[in-house]
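I would like the entire structure built from these sequences, with the hints used as guidance.
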Amino acid sequence: AQSVSQHNHHVILSEAASLELGCNYSYGGTVNLFWYVQYPGQHLQLLLKYFSGDPLVKGIKGFEAEFIKSKFSFNLRKPSVQWSDTAEYFCAVRAYNNNDMRFGAGTRLTVKP
Amino acid sequence: GAGVSQSPSNKVTEKGKDVELRCDPISGHTALYWYRQSLGQGLEFLIYFQGNSAPDKSGLPSDRFSAERTGGSVSTLTIQRTQQEDSAVYLCASSLTSGGAHETQYFGPGTRLLVL
Numbered sequence: 001a002q003s004v005s006q007h008n009h010h011v012i013l014s015e016a017a018s019l020e021l022g023c024n025y026s027y028g029g030t031v032n033l034f035w036y037v038q039y040p041g042q043h044l045q046l047l048l049k050y051f052s053g054d055p056l057v058k059g060i061k062g063f064e065a066e067f068i069k070s071k072f073s074f075n076l077r078k079p080s081v082q083w084s085d086t087a088e089y090f091c092a093v094r095a096y097n098n099n100d101m102r103f104g105a106g107t108r109l110t111v112k113p
Numbered sequence: 001g002a003g004v005s006q007s008p009s010n011k012v013t014e015k016g017k018d019v020e021l022r023c024d025p026i027s028g029h030t031a032l033y034w035y036r037q038s039l040g041q042g043l044e045f046l047i048y049f050q051g052n053s054a055p056d057k058s059g060l061p062s063d064r065f066s067a068e069r070t071g072g073s074v075s076t077l078t079i080q081r082t083q084q085e086d087s088a089v090y091l092c093a094s095s096l097t098s099g100g101a102h103e104t105q106y107f108g109p110g111t112r113l114l115v116l
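As you go down the protein sequences, you meet chains A and B in turn.
Mapping to my numbering: the first sequence position 103 is 103, numbers consecutive.
Mapping to my numbering: the second sequence position 40 is 40, numbers consecutive.
Don't read these hints as lab results, they were simulated from the structure.
Cβ coordinates follow ideal geometry from the N, Cα and C atoms, glycine included.
Be careful, since some hints might not be right.
Okay, the calculated bits of chain B under chain A, using three or more residues with CB under 8 Å as the criterion [as the list claims (entries may be wrong)]:
1. 39–48
2. 53–60
Partial list, derived from the structure: chain A residues whose beta carbon lies under 7 Å from chain B [to be verified]:
3. H43
4. L46
5. M101
6. F103
Structure (structure tokens):
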């Protein structure tokens, strides 16, 4: 079964700094990849997803992620973070045509104003 | 429009008691998922319902856990003879379709379960 690892548990940045959150998965077949975000006091919501095609995926609020198949990675990036990006970020992977979606442990992002 | 709702929002129970957690998916969503999030860990898939098909129970951790979905809508997750290690946030998600590029799971607020 697939598994997901997120390298950073807690990242602290100042506003306008660039962000990259690591995500690696283990599964040899075709996968669907997701990043979810949970803002304080809110539900988990989808940030972006990759199913096929262009490996560089753009999501909401200026976030993007790049699928690098050879590295089994799907890192999340944002060139300039804002205080409102403070949240917990979860990477998830699902083997193609499988119901079982595996989530990473999450990375807590704190952006200092 | 209304999102996914879950009840109760918090539940404190004694070890050995049974609990029922409820999920109301978004109207018209055929797929429904249950996940568990333990402290400091990612979400753990529990069970999946798709329309009238038999559910995928592959993620249920033991036979004390069961779930049903009535009429293709509301779902109930039941934990029998609760143990302290069952303490976690239980999340429900629904999606309009299952699989494919158009699937997006919408999550509810979760039920925080504490077993004393």
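Original post:
Hint by hint, which ones does the structure fall short of?
Top reply: none
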